[in-house]
Amino acid sequence: MRWGMVVDLTSCARCYACIAACRIEHFLPMGMSWPRLMALETGGDRPVVSTYSVRCNQCQEALCIEVCPTGATQQRADGIVWVDQDMCVGCRYCIIACPYQNRTFLSRDKDKGFFPGESLTDFEKAGKILYAHQVGTTEKCNFCAERIDAGLARGLRPGTDREATPACVNTCPARALTFGDLDDPNSEVAGLIREREGFQLHPEYDTDPSIYFIDGKIGYADTSD
Amino acid sequence: MEVHEWMIRYTRQTEWIDRRGIFLWIAFYAGGLGGGLYLVSLYFNSLWGMFISWLIIAVIKGGAHLIFLGKPTRFWRIIFRPQTSWLARGLIFVLLFVVFTAIQLVFSYWLPGTAGEIVFKVLAGIMALAVTVYTGFILNTVKAVPFWNSALLPVLFVLCGILGGFGLSVVIALNGGHVDIMAAETGSRWLLIINALIIAIYLWAAANREPTGKQSVIEQMRGSVAPIFWIGIVVLGIIIPLAIAFSSYFVVKVESALLVTGVACEVAGGLALRYCVLKAGAYKPLVATAH
Amino acid sequence: MSERKIIKTTCKSCHGGCGVLVTVEDGAITHIEGNPDTPTWGTMCSKGLSSIQHINHPDRLKYPLKRTGERGEGKWQRISWDEALDTIADKMKESIEKYGPSSIAVSQGTGRGYNRYTHRLARSIGTANIITPGYICHSPRIGLYGLVTGYGRLYCDYHGWGGEFPKTQISWAKQLEISSADAEMAVWYLNSLRHVKNLIVVDPRETALSSRAALWLQIRPGTDAALALGMINIIINEELYDKDFVENWTYGFDKLKERVQEYTPERVAEITWLSAEDIIKAARAFAVDTPGCIQIGSSLERQANCGQTLRAIICLMAITGNIERPGSMMSWMVPDTGLLEDFFFEIPLTDEMRKGIVGSDVHKMGAARTAHSDSVIKQLLNGDSVVKVWFSVGGQQILHLANTNEVIPAMLNLDFLAHVDQFMGPMAEHADIVLPAAHWLEMDDIYNMHPRFMIEAINKTVDPPGEAWPDNKIFNELGKRVAPQYWFENVEAMLDYQLRKASLTWQEFSQKGFLAKMGEDQIYYKYKTDYWREGGGFPTPTGKLELFSTVLESMGYDALPYFQEPGESPYSTPELAREYPLVLSTGYRQPFYFLSQYRNIPWLRSFQKDPIVQIHPETARKLGIEDGDWAWIESPRGRIKQKARLFPGIHPGVVMATANCFYPEEPGPLHGLLTSNPNVLTSNEHCDPMYGSPDLTALLCKVYKVE
Ligand SMILES: Nc1nc2c(c(=O)[nH]1)N[C@H]1C(S)=C(S)[C@@H](COP(=O)(O)OP(=O)(O)OC[C@H]3O[C@@H](n4cnc5c(=O)[nH]c(N)nc54)[C@H](O)[C@@H]3O)O[C@H]1N2
Ligand SMILES: Nc1nc2c(c(=O)[nH]1)N[C@H]1C(S)=C(S)[C@@H](COP(=O)(O)OP(=O)(O)OC[C@H]3O[C@@H](n4cnc5c(=O)[nH]c(N)nc54)[C@H](O)[C@@H]3O)O[C@H]1N2
Ligand code: SF4
Ligand code: SF4
Ligand code: SF4
Ligand code: SF4
Ligand code: SF4
Ligand SMILES: [Mo]
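Residue numbers (my numbering), protein chains in the order written: chain A, 1 to 225; chain B, 1 to 291; chain C, 1 to 707.
If we strip away everything but chain A, and leave its shape as in the complex, we get (with noise of 0.2 Å):
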């Protein structure tokens, strides 16, 4: 079992959604944000414009694993690969280490309150009991493990089921993500990746991402439905 993500380029409506929808499952400090939309202009005759929605990529071969020197950056059985904020030192190597910037340090500067200055929100309260965040520590997106692992406990299928599959998953409206276990040949994912050949990022790195990525036309040939 490997969760990957397959993001589709052809329907991301860079709505930003994702990204606000991790912001709230994880009470993200002001400063932080795990999933991020990045634009890639083409000039040219007919300018193409694509839009990538990015988070870790969960590597297998995690060069941030790799760097982390107290062990603090770790890989589950099931891929995800995720820090244990209690043993995070905040030397920042996995940062520099990360070919693909999918990490942030959380400093001070960027945990100063939704409204510096003004007293919490509900939410910045509730989120100090929910979902501790460390100064001092390093932070990426986890593939929403949490609810992962309280959706299999229940018996939930990740990627089908939306309790058990990542909050910027089921908040895309355009149904540009989608979630699964990638050696399962069955799934929605692995047959994406087959179909629409999807391609990873960097791979010169040989990190191997479990994230894709497919793009191509709207529209189809055959008409029949």
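If you are wondering where the hints come from, they were derived from the structure by calculation, not from laboratory data.
A hint or two may mislead.
In the DSS-like style, the derived pairs of lysine-lysine whose C-alpha atoms are separated by at most 25 Å in a straight line are [as the list claims (entries may be wrong)]:
#, chain 1, residue 1, chain 2, residue 2
1, C, Lys5, A, Lys125
2, C, Lys705, A, Lys125
3, B, Lys71, A, Lys128
To give a feel for the contact side, a few chain C residues facing chain A, derived at Cβ under 8 Å [claimed, not checked]:
#, residue
4, His31
5, Pro36
6, Pro39
7, Cys45
8, Ser50
9, Pro58
10, Leu190
11, Leu193
12, Val196
13, Asn237
14, Phe345
15, Pro348
16, Pro591
17, Leu595
18, Lys643
19, Phe647
Built from N, CA and C at the ideal position, the CB exists for glycine as well.
Go by the hints and put chains B and C with the ligands onto chain A.
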């Protein structure tokens, strides 16, 4: 940075140089300098030099790195994964250096000439070299930053450290320390030339290997760090030392003051170099534009 | 043990409609996500989700306020609701006494779910001077669809309820994928694209979908009528039109055929800056690969030729038979409650009310039920204003109307202005009384979804801050003071009343969540049934879909569509174009803002701090502007600055400025509204004859770097 601007183009690493990252820069340089000084001091058998190098590494290097950490009280956790992480190895080198050198100093002071002193000199010397070189490996192994992906980087860092070491020895010698000033001068003369050449080769190679590395070099030459690059690296680090070194080749005896100036310039150049190397380290764009 | 409950509600952080699950623990919201058991499948956008930062915002208005200093001076005193509402009611009554009911204007911004209350309040008072941005937003479409379908709403059939999805879709001046003007529709639209064969995007600018579309027509702003007429020309001359539909169900085909002859592909190509081949390709695809639909965007309504542009596009839909067919343009049947707008339609417009409408003498289509805003402004400016007292609920007319330099002094000429809002924005700053409004997470109401086949329940999840009230309560309590016979004991009674035809109480509906007519409940081909007209046909004077509009003819308008250059363009004003060489378009919705809203929501602001003007890299190079530079944009009316984004996706001759922006963090009363808001540049001189819509998306400008 706004979310949508992220990695559209050339993006610098910032964590290890901007804002608090400045401490890491100091730690990196202090490591090289301290290690280099220890090696030079071994050569000259300068107890003062050894002691000062111990101070530099234990206090400046260790202190700066500690301040840089997000969770300084957990610093001891850094040693757990030496099998893959150069940072873990580095801390181990530093700790061992501090311990070995302390023991060596005790031996040298109270029990000079014993086997113990020699053993610990060798051990501390190895650690000093390791401390000098490891930061080069830290950067050199970061795959995504082409500017750092150069085998020259560790060599450069060691040379820089040793050179700085020579420089400090000269200063120690002038203050009556136990250093042969002539030898120190000769050593630094040659090192100056080699070092300046390696810097030049390093930059030239980075600029010609690959587009992002080239961007890094261009950024240095034209961007916000340009003054540091031109004054620090080029003038202080390359031109002046080279000029002094060459002139000393023709003029038989150079004013030692001039030599000290050359060394000081080289030290400043070394600091500037480490700064620029960190500052201009840029990632390859997330997606190749060709896609 | 803490108390934790999940409340189902409906988001309206934009025009609204997404089903939401809100987790509330001990009275505080700890989580928001989409509700999977609603027709929006559990999806939500960044705006709706970021409501979490909205509700607890420290700048929320919490108490009714009364102005104590000069207008716009920013001196306020807290007062009670009774005092506030009594004052407003007294001002209204006084004005009615002195000048008649038409001297009262009731205004709102874009649809925020209370349109029917705005209209009911106005009508109950006896005025039809309702000020809304409808005429530059959505109303022209509805009005002109109304000429052929009776009540006026045609929507793309994205649902496949009739067994077919659209095979060709034209996204025409529209970013439905993020603007969802018709809200909940983005998710259905995006889903329908999985079934589309040809996606055609008509836009001067690259959009999220144009790069991947089969065809992207990068049109010159303001020339869409020419494109539509050119496509009709091709379809008719190549005999690709739907002969059965045209022969049996339309009126005036021959006249249309004659009219479009002058719009040859070559001439249209010249006008629109497109290639003749692309125009032909688009026309053929739309005519051949049916069913198809056209998603019209409101950029077409922000033009002084909007009436005829929309008429042309409707004719294009009609001659291809893309009306009422599964997968084409549909007029949806409404749920059992009936049309919620009956809530105000039931108070009829009297002749006196009609006569009192400002602008009704000129813009006979637009100012038939609501006032023409720009005429109101002109009158106020000239000192001969019909409108004296203005009750404004959630709209920033002061920045959303054309030509800000006239709007601001005009507003200062009002006798009295009351404004209801959640924040102290520029409009509130100019008011005499400010009332605090609740957020959708803090209220009970019925949400009326744009295509009207569904209504949804907005259920209160937490208390509003301070003494803020839901808008519906404010309308009701004020209504009770000025026209008690039309208003209700309390909000619940008012909601019960609106649901009565479905035999539901508010309590029941609130539990149910939504009420809809979907799938098999919808009837296609209504013109073949008695639905609109006994024996079939359309509810028009001729009984046919009028390609040649007898109604417009009787009102004195051209009954056939035509193209007209924008008021300012390289061709209509070549002199001006020498000084202002670039075509300026304003608008283009940002996914994380809603008009001028949300720049004070930190999460949303983090996506784009400053308003952005898109400019082609080559054009920018010539002007010495680099990516990220601040650039002045200047028109004959004034200049603003925005941050330049060098964008290869925009036509080199066009610049696109972000509309509706001010800086909430900057000091009042203007909050930087003159700094970057493009309406400083727009003109209220050339307006559409039918609707009065000014040119907001097709003007001239020059651009230069801010030094
Ligand atoms: N140049 C140019 N001008 C344009 C446009 C353009 O594209 N270009 N677009 C036009 C269009 S289509 C429109 S619709 C208008 C939009 O114009 P408006 O609807 O006026 O939009 P906003 O500026 O967002 O102002 C809305 C106000 O309502 C408040 N508000 C939000 N929700 C609520 C609520 O639930 N209750 C209450 N009481 N208040 C609330 C907000 O805080 C804000 O102050 O602008 C028009 N103007
Ligand atoms: N996220 C978000 N959603 C919104 C809003 C918001 O502010 N934010 N605003 C809401 C409101 S009030 C409205 S009215 C709707 C509007 O929603 P849309 O109708 O989608 O309006 P825009 O995004 O302003 O413009 C759509 C496209 O028209 C293009 N365009 C501009 N001028 C022309 C022209 O002359 N011809 C053609 N063919 N294209 C042109 C623009 O480049 C743009 O891509 O969105 C609503 N939804
Ligand atoms: S993307 Fe970066 S942070 Fe994530 S696993 Fe790969 S290397 Fe580590
Ligand atoms: S910052 Fe934390 S997670 Fe990253 S390498 Fe250092 S200890 Fe490991
Ligand atoms: S998978 Fe979860 S943690 Fe990762 S970006 Fe999406 S919402 Fe955030
Ligand atoms: S939520 Fe989906 S459509 Fe929106 S930006 Fe993210 S990936 Fe794209
Ligand atoms: S699209 Fe509109 S209704 Fe849906 S979540 Fe976003 S703001 Fe709310
Ligand atoms: Mo609008």
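Hint numbers not upheld by this structure, sorted from lowest to highest: Result: hints 2, 6, 13, 14, 15, 17 and 18 break, sorted rising.
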